[in-house]
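A.B. asks: Here the structure of chain D is known, so what remains is to put chains U and V in place on it, guided by the hints.
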Amino acid sequence: MGEEAARVILADAFQPHTFLDAFRFIGDHPVFLLQKAAEQLELSGAALGIALAVALPLGIVLGHFHRGSSLAVGTSIVGRALPSLVLIGVLLTVLGVGFVNNMVALAVLASGPILTNAYQGVDAVDRDVVEAARGMGMSHRQTLARVELPLALPLLFAGIRIAAVTVVATAPIAAIAGGGGLGDIIVNQASYRLEGVLGASICVMALSALVFVLFLGVQRLLTPAGLRRPGVELPRA
Amino acid sequence: MSAEAARPAGPNPNPKPAAASAGSARGTSRPAARLELKQLLKHYPGADSPAVDRLTLDIPAGEICVFVGPSGCGKTTAMRMVNRMIDRDGGEILLDGRDVNERHPAELRREIGYVIQQIGLFPHRTIAENVGTVPSLLGWKKAAIAERTEELLDLVGLDPSFASRYPAQLSGGQRQRVGLARALAADPAVLLMDEPFGAVDPITRSHLQQQLRRLHREVGKTILFVTHDIDEAIAMGDRIAIFRQGGALAQTATPDELLAAPADEFVERFLGEDRALRRLSLRRVGDIASGDGTAPDLPVVPASATVRSALSLMIEAGVDSVAIVRDDGRRSLLTLGELTALLR
Amino acid sequence: MILASAPVIPSFGKPDPCVTQDHAFCWGWVKAHWGDTLQPALLQHLQLAAIAVGIGFAIAFAAGLLAHRRRWLAHPFGIVSALVYTIPSLALFQLLVPFTGIGTATVELALVAYTLVILLPNILAGLDAAGEDVLEAARGVGYTRRQILWRVELPLAVPTIVAGLRIAVVSTISIATIAAFLLPKGLGYPIFLALREPTPFRTEIYSAGALAVLLALAADFALVMLQRGLVPWARRQRA
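Protein chains in written order, with the working numbering: chain D, 9 to 245; chain U, 203 to 546; chain V, 32 to 270.
Bound conformation, chain D alone (with noise of 0.2 Å):
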């Protein structure tokens, strides 16, 4: 069984002209393809709301008091040195395979470029505005929500992206973990064909690439006028 997963046994005729076939796959299964993006949508989906919900405000507050920057720095240089394989691994063992797991695991790894991003995004912003701010009278609520977010805000929201793409991106691999969605595809071989993991491939490609489009559309009408620069930030996974 080892070895039928290794692949290295399927290495039959690799040409480049089975891209063909990989677009007749697609265009033979659009709506079980379709369905399977659908699933990868909602369980990266479920595992972005949760890292939102939790990392996000921590990074927040955790930036606006300047506090904490050890876990900000510590969360990043870690999240990304913890492979995702890794990470779906370990939490396959805590917390067994499902759908459950698998969005933990991703919430994880959504969190950490969410957490740095609102940390730094808010904790950079010039102390003299924030200053300023206080100086008028604004409440530590009032600095944070009419100043110090508005600033922070495509910072904040690259990480959000980040996440996103890393999250869809990653998606994949819970199949092994049985995640379900494309990567179930990619990982079976045996039953799909090289066509069809191929055809799954540029799927999950196209899904990355519009997510990343449209959460950089989004951060584009959210960055205040005064603060747009032409150019795109590199993401960080």
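Everything labelled a hint here was simulated from the structure, so no lab data went into it. Treat the hints with caution; some may be incorrect.
Unchecked claim - Distance windows between CB atoms, simulated:
# : chain 1 : residue 1 : chain 2 : residue 2 : range
1 : U       : Gln413    : V       : Leu77     : 52 to 60 Å
2 : V       : Gln178    : U       : Gly400    : 22 to 30 Å
3 : V       : Leu166    : D       : Gln43     : 52 to 60 Å
4 : V       : Glu163    : D       : Ser147    : 23 to 31 Å
The C-beta atom is built at its ideal place from N, Cα and C for all residues, glycine as well.
C.D. replies: Leaving out everything else, chains U and V in the frame of chain D:
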């Protein structure tokens, strides 16, 4: 003033650059150079009027010439054409009779000291390495660079312990001194200074101004100094060139001439009020007092004080004369009459 | 139960009770299989990552110098980088198979692509790190363009480039675990095999996972130390 300031060491008949000039900072080996600007023109593409409009100016060797004027008057542009940081559109710039455009820009710049407001110290290099930049570009030996660096730090009033520090560890005033030392490192014939003291606090600024004047008396460089501050211009300049908008000269004169006889309304307004008092602060009482100052009860003023401070003392004490005491103890008398005669 | 996976069966035929009873973590297994499973996987992993970062850095450095001279290249480079980075690693590995087959080359190609898109923006940003005043002064003292690049801009770019290198190295080590979906190589492979068991073999997942994380952290630490050595001016900022 300029005659007295011109190089104490005298011209070196053999001004070989590079290794030869690894000598002393005090005994200048490269003579100060004469700088001539002739019909200098700069017209930026798309601009309605020239930034510098047929500027003609002859700066004798060893003089401190200050370019002053409102922002956007072209004074900095004019200066930057000298070391070819900006290419000119017309006219000539002669350095000791030779057109700067005949020279390779990088080579030319190694012979011209350049100090800017933001200083631009290299943050990744120690103070010693910053100061030794041009000597090392010119291929001096390590020992010669080290010796020269130490000498220069001393010259600009920095402790030798600064040598191994990095720019980020220095205060604004200290960094500006390092910038000056770096500019002087390879014994340039001309020093260009663009608002060099614009970013430091007033006390440090006046300290640096005095130090630069003293340093100029010691090393006798030709200095082209750009500022928008007329007080700084009066304090620093042997001669002041006032620019008006559009890069044309409004007047060129010594500080005293300028304050005594502004050429037109623009210059008058630029100089501001209390011109008479400012003229008084250009003079030292020791240079003018002549009468017998041995009478008792007179307020006493040291010979090095300005005429302005003597006047202030007279008003404060309600008298019309003060005693001037020289370093050797001789006393003379300065009267209000002499003082007003001075302004005529 | 556990007998399905080849490496789990001790070669001497007398099963370790810890393994057969499926304890959370079996030191005995780690010791017994360090030589035939974990160590080779660790070395393969290191090799995969090192080659990818090496090649990626060389290409990124050359492209960075080019784009630094020709400004208009920077923007398209940035967009392509951001797009490539959104391609999920699992999908990229698969999509390269029709071109390069199943093999190390495919994995390296994908890893190099990720390294490149992380490093290039950092190298470009680093080369822009020298302030206007510093560049003005550099021209003013008589540096030529080439001298400004090598003696001023590049030294000042080191912190940003090393920061990019840290991200690239750690990400590459992380992504290299996914190579196991394609190749029986690297620390991802034992995890991949263990996960495919009906009951995942925990010791294998934990030990290989810990090695992957430790490898990444060690590489990161090594780069921090390298940076301290290369950037003395920043370290002594507040001495």
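A.B. asks: A separate judgement is required for each hint: does it hold in the structure or not?
C.D. replies: Results of checking the hints against the structure:
1. As the Cβ distance of glutamine 413/U to leucine 77/V is approximately 59 Å, the hint placing it in 52 to 60 Å holds.
2. Checked against the hint of 22 to 30 Å, the C-beta distance between glutamine 178/V and glycine 400/U comes to roughly 28 Å, which is consistent with it.
3. Taking 52 to 60 Å as the suggested C-beta distance range, the pair leucine 166/V and glutamine 43/D conforms, at roughly 57 Å.
4. Restraint check, glutamate 163/V to serine 147/D: a C-beta distance of roughly 40 Å breaks the suggested window 23 to 31 Å.
In this structure, the one hint that does not hold is number 4.
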